[in-house]
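Respectively, the protein sequence lines represent chains X and Z.
Residue numbering for the first sequence follows this note's numbering, beginning at 1 and increasing consecutively.
Residue numbering for the second sequence follows this note's numbering, beginning at 1 and increasing consecutively.
Think of the hints as simulated: they come from the structure by calculation, not from any bench.
Positions of the beta carbon are idealized from the N, C-alpha and C atoms, including for glycine.
Hints are not guaranteed to be accurate.
Label pairs and their in silico Cβ distance ranges [unchecked claim]: (1) G180(Z) - R52(X): 31 to 41 Å; (2) A70(Z) - H123(X): 46 to 56 Å; (3) V196(X) - I42(Z): 48 to 58 Å.
Cβ-to-Cβ under 8 Å is the rule here; a few derived chain X residues that face chain Z [as the list claims (entries may be wrong)]: (4) A22; (5) R23; (6) A36; (7) R40; (8) F83; (9) V87; (10) V100; (11) L104; (12) C111; (13) G134; (14) G137; (15) A145; (16) Q153; (17) A157; (18) Q158; (19) V212.
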Amino acid sequence: MKTLIVGGDDPLSSGLADGLRARSDALVHLRPDPAAFATRAQVAAAVTGAIRGDGADGRSGGLGGGLGGLDLLVHSWVHPSAFEETVLAAMSEQHWASAVETSLYAAIYTCQAAFESLRDSGHGRIVLTMPTIGSAGGAGYAPLASVAEGVRQLGKAQAKQWGKYGITVNMIQVAPQNVLTGAAGERLSAAISLAVPALGSSGDPAADLAPVVALLASADAHFATGATLTLDGGIWMAQ
Amino acid sequence: MGGELLPGKVAIVTGAGAGVGEGIAQAMARHGASVVIAARRIETGEPVAAAIRAEGGDALCLRCDVASRADVDAVVAATVERYGRLDCMVHNALSSTGIPSELQDLADDTIDGMMATAVRASFSCAQAAYPHLLASQGTYIIITSAAGVEGSSYLPVYSVVKGAQRGFAKSLAREWGPLGIRVNSIGPVALTPSMEAMYVKNPVLEERLVGRTPLGRVGTPDTDIGPVAVFLASDLSRYVTGQTIMTDGGGFLGL
Numbered sequence: 001m002k003t004l005i006v007g008g009d010d011p012l013s014s015g016l017a018d019g020l021r022a023r024s025d026a027l028v029h030l031r032p033d034p035a036a037f038a039t040r041a042q043v044a045a046a047v048t049g050a051i052r053g054d055g056a057d058g059r060s061g062g063l064g065g066g067l068g069g070l071d072l073l074v075h076s077w078v079h080p081s082a083f084e085e086t087v088l089a090a091m092s093e094q095h096w097a098s099a100v101e102t103s104l105y106a107a108i109y110t111c112q113a114a115f116e117s118l119r120d121s122g123h124g125r126i127v128l129t130m131p132t133i134g135s136a137g138g139a140g141y142a143p144l145a146s147v148a149e150g151v152r153q154l155g156k157a158q159a160k161q162w163g164k165y166g167i168t169v170n171m172i173q174v175a176p177q178n179v180l181t182g183a184a185g186e187r188l189s190a191a192i193s194l195a196v197p198a199l200g201s202s203g204d205p206a207a208d209l210a211p212v213v214a215l216l217a218s219a220d221a222h223f224a225t226g227a228t229l230t231l232d233g234g235i236w237m238a239q
Numbered sequence: 001m002g003g004e005l006l007p008g009k010v011a012i013v014t015g016a017g018a019g020v021g022e023g024i025a026q027a028m029a030r031h032g033a034s035v036v037i038a039a040r041r042i043e044t045g046e047p048v049a050a051a052i053r054a055e056g057g058d059a060l061c062l063r064c065d066v067a068s069r070a071d072v073d074a075v076v077a078a079t080v081e082r083y084g085r086l087d088c089m090v091h092n093a094l095s096s097t098g099i100p101s102e103l104q105d106l107a108d109d110t111i112d113g114m115m116a117t118a119v120r121a122s123f124s125c126a127q128a129a130y131p132h133l134l135a136s137q138g139t140y141i142i143i144t145s146a147a148g149v150e151g152s153s154y155l156p157v158y159s160v161v162k163g164a165q166r167g168f169a170k171s172l173a174r175e176w177g178p179l180g181i182r183v184n185s186i187g188p189v190a191l192t193p194s195m196e197a198m199y200v201k202n203p204v205l206e207e208r209l210v211g212r213t214p215l216g217r218v219g220t221p222d223t224d225i226g227p228v229a230v231f232l233a234s235d236l237s238r239y240v241t242g243q244t245i246m247t248d249g250g251g252f253l254g255l
């Protein structure tokens, strides 16, 4: 399995990379430079470079020559400003544009850039990740929630359109603590539900979440598409 | 204009020159609200305002391209100058969704238009209205779609922006609830000029749409969708926030 993870240095992206590395024949964790991952051309160059090795982003790591194809795309990237707590009344237009629009464009452009390689794979898989606040809302994190739910709906539309190309698209919703470190994640999680996690914790991305991504990428999951799996240890159960 | 649920209230409705926005404006005016028709083109908005006034209601048409922050700010300022308050902001406007396309073929102009008028404008309308909604303990209503809940086979970026609006509305409901401002969404299906245009492009759409709708018809903007906006703007919904009310004859039952 040739795996491309497009995500930053947040706990989720890094943990998924760690957890999927041993399950992949080749894996690249593309860590986009937020200042150079906004236009269609920038995103396409970074993504296709990571896949084909022609002009790969110097920060990509992994294989210097690229993956040489693509079976699994995991997209977990959002602009770092989306992780900042900001009430709407104090938010600048620039912050909104970076946090929300750059993140949504990046998701769209990344999937567009990966399309041909996933189609040519014959069994292309996309897994999009987002925190549960997209479904449940998060005070002070309207940009992150907007991106989360926008990307989740992108996945559903893609699933409907790309099934005929042999590409499945599924989503995993994770606990806020897996994308926001410190008290913010705990506070958002507590606001979502009075319940404590049924499984005792909100999960470790490498140990608890990556195996499910691997399952979704496997032949066993060939009939799953457009689905959202909430992997937060049993906090948000409204899906 | 009797049986009023919104007497003395003031509302701005974006994209009110036609379709769902027009229907919401008409319904709110019938319930006693003074309504600002915020329309990208005066030539479409003014007839809506004139029709409301002809029925005895109070309406004012102001030109507003919601992709322009200056336009949004100006409409809110003019509304407050004219009426002294703002109780409800309804963001309904959306640019053309373009022709049905697969994601890999979508060009930037289609994406840009929807991103600006749905996503950026949801932020602009909220921020511009905020101090006035805080003063009136008012409401913010965003018009979304079932495509923002179940994905669209035809318009993938439409799904993205409508989903983003729902995530935004829920978060704002949590943020503004303690301040006394309610935020909700409506997911309508109604016979509008854009729906009629889609019927032309896709002749089987109407039959399929009606066929999946338990109430057996496509809604009308002023009598099926508008009353739900009236409810959400009124004190009858004082304990409702963060919700999406699918107003589609039962077509989507996933919530």
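How the hints compare with the structure:
Taking the beta carbon of each, G180(Z) and R52(X) are about 55 Å apart, not inside 31 to 41 Å as hinted. In this structure, A70(Z) and H123(X) meet the distance hint of 46 to 56 Å, their C-beta atoms being roughly 50 Å apart. Checking the proposed 48 to 58 Å range against V196(X) and I42(Z) shows it holds: the Cβ atoms sit about 56 Å from each other. Among the interface hints, the one on A22(X) is violated; its C-beta lies about 31 Å from the nearest C-beta in chain Z, farther than the 8 Å criterion.
A cut of 8 Å between beta carbons decides the hint on R23(X): the least distance to chain Z is about 27 Å, and the hint is violated. Interface hint at A36(X): violated, since its Cβ lies 18 Å from the closest Cβ of chain Z, which is beyond the 8 Å cut-off. For R40(X), the shortest C-beta to C-beta distance to chain Z is roughly 6 Å, which falls under 8 Å, so the interface hint holds. At a threshold of 8 Å, the smallest CB-CB gap from F83(X) to chain Z is about 14 Å, leaving the interface hint violated.
Hint status for V87(X) relative to chain Z: holds, with the closest Cβ pair at about 6 Å, below 8 Å. With its C-beta approaching chain Z no nearer than about 6 Å, V100(X) sits inside the 8 Å limit, and its interface hint holds. Using the Cβ-Cβ criterion of 8 Å, the hint placing L104(X) at the interface with chain Z is satisfied: the shortest such distance is roughly 6 Å. For the restraint placing C111(X) at the interface with chain Z, the shortest Cβ-Cβ distance is roughly 6 Å, inside the 8 Å limit, so the hint holds.
Interface hint status for G134(X): upheld, as the beta-carbon distance to the closest one in chain Z is roughly 5 Å, under 8 Å. Among the interface hints, the one on G137(X) holds; its C-beta lies about 3 Å from the nearest C-beta in chain Z, closer than the 8 Å criterion. With a least beta-carbon distance of about 4 Å to chain Z, the hint placing A145(X) at the interface is held under the 8 Å criterion. With a least beta-carbon distance of about 3 Å to chain Z, the hint placing Q153(X) at the interface is held under the 8 Å criterion.
Taken as an interface hint, A157(X) checks out: its beta carbon lies about 4 Å from the nearest beta carbon of chain Z, inside 8 Å. Checking Q158(X) against chain Z: minimum C-beta separation of about 6 Å stays under 8 Å; hint holds. Annotation: V212(X) was flagged as interfacial toward chain Z, and the flag is violated, the nearest CB pair being 21 Å apart, outside 8 Å.
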